[in-house]
Amino acid sequence: MVKPRPTIETIWGWLADVPDPEIPVISLVDLGIIRDVCWQDDDLVVTVTPTYSGCPATRIINLDIETALHKRGIASLRLERQLSPAWTTDWLSDAGRQKLEAYGIAPPQPAGGPKQCPRCQSPDVERISQFGSTPCKAQWRCTSCLEPFDYFKCI
Amino acid sequence: MSAALFEFLTRMGDNTLVLGHRVSEWCGIAPVLEEDIALANTALDLIGQTTLWLSLAGEVEGKGRDADALAFHRDVWDFRNLLITEQPNGDFGQTMMRQFLFDCWHVLYLDALRNSSDARIAAIAEKSLKEVTYHFERSAETVIGLGDGTEESHRRMQAALNRLWPFVGEMFDSDAVDQEMIAQGIAPDPQALRPAFDAKLTDVMAKATLAIPGDDFSHAGGRNGARHTEHLGHMLTQMQWLQRAYPDATW
Chain A
459 MVKPRPTIET
469 IWGWLADVPD
479 PEIPVISLVD
489 LGIIRDVCWQ
499 DDDLVVTVTP
509 TYSGCPATRI
519 INLDIETALH
529 KRGIASLRLE
539 RQLSPAWTTD
549 WLSDAGRQKL
559 EAYGIAPPQP
569 AGGPKQCPRC
579 QSPDVERISQ
589 FGSTPCKAQW
599 RCTSCLEPFD
609 YFKCI
Chain B
2 MSAALFEFLT
12 RMGDNTLVLG
22 HRVSEWCGIA
32 PVLEEDIALA
42 NTALDLIGQT
52 TLWLSLAGEV
62 EGKGRDADAL
72 AFHRDVWDFR
82 NLLITEQPNG
92 DFGQTMMRQF
102 LFDCWHVLYL
112 DALRNSSDAR
122 IAAIAEKSLK
132 EVTYHFERSA
142 ETVIGLGDGT
152 EESHRRMQAA
162 LNRLWPFVGE
172 MFDSDAVDQE
182 MIAQGIAPDP
192 QALRPAFDAK
202 LTDVMAKATL
212 AIPGDDFSHA
222 GGRNGARHTE
232 HLGHMLTQMQ
242 WLQRAYPDAT
252 W
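Those sequence lines, one after another, are chains A and B.
Residue numbering for the first sequence follows this note's numbering, beginning at 459 and increasing consecutively.
Residue numbering for the second sequence follows this note's numbering, beginning at 2 and increasing consecutively.
Simulated from the structure, these hints should not be mistaken for lab results.
Ideal Cβ placement from N, Cα and C applies to all residues, glycine included.
Worth double-checking, as some hints may not be accurate.
Unchecked claim - The calculated label-pair distances, taken between Cβ atoms and stated as ranges, are:
no.	chain 1	residue 1	chain 2	residue 2	range
1	A	I518	B	V33	26 to 32 Å
2	B	Q241	A	W470	26 to 32 Å
3	B	P89	A	S534	49 to 55 Å
Chain A with its partners taken away, still in its complex shape:
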């Protein structure tokens, strides 16, 4: 008897449980980097787009996807990289944005800077540096509670 293969929806559900290695509070699906999941004959093909071209987490992300899906019994898996359309923070899910803020990372805003301090919610914030501890973040400071915090860059 042939075991029925899992549906695409089921697989998206599994991938939604794989955390981002750098910011484990959000999943790879929240981050918007999984662009497609499909069956090609007996191979499962997962299309992933990088956040930043030099992000060192990219390899770990691929490894984590492979590990998670192999654990669920997917035997034949192919990961494909897609560069275009280029990843944008618009693809970050609403749930992901809320999780980031609760974790202390201000979510990206089209205006280019954080709306408020993720700790005390004060709108009085200033930029320390355009770059931060990972390629996707910048450093800001709250001028009310004086805490520095990470801001997820808007690209």
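Using the hints provided, position chain B relative to the given structure of chain A.
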């Protein structure tokens, strides 16, 4: 394979590789922690872009060389980067001036490459442009801040501009490789980008209160590999040391 296409791709990849390595030399020794992180992040973006360009170059060449083989197993005469990218870091001001001049050209070139007839090149350009636009914002702001800063910072920024100015012209040189890329709709004519470059440059230098040198002399020889400056060889002895001592070492 197309020899001109391979040449074009190594020019793109060697620019980002050599500048990326140069910028990474600041890691751990920048003036303040935030700048250290910013420089390291910029270097990381450039090295990431290098992987995309040189992987494609290796694929186009079809001799089994991957991005690592091209980066670590070639010597000075095979590199096709613009001479400005191999210039030493100097002080922080000189590093940021070099970054600004390069970013200013890079943004325009990548923007044009998004319309490349080669979809693989258009995709890399689209991805890189987002990162490079961010680099440009930072380097332009820093050049303005330091140029229009103290007497000391102004003096250093003017000296940096004077030192690097003779390397700007090479960005707009055009040769047979360019002609073939233009004919196939793969890449833009470098000369056509000069007016937009000058407009950006004039705007930023006015805000930075810096004087653009009047002398138009420019060095050449990086992008065609004819004659690099003495600095590239020294840089490669550092960058390629491990692979030269222990070829194909892995860990």
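We went through each hint and held it up to the structure:
no., hint, result
1, A/I518 to B/V33: 26 to 32 Å, "holds, 29 Å"
2, B/Q241 to A/W470: 26 to 32 Å, "violated, 44 Å"
3, B/P89 to A/S534: 49 to 55 Å, "holds, 51 Å"
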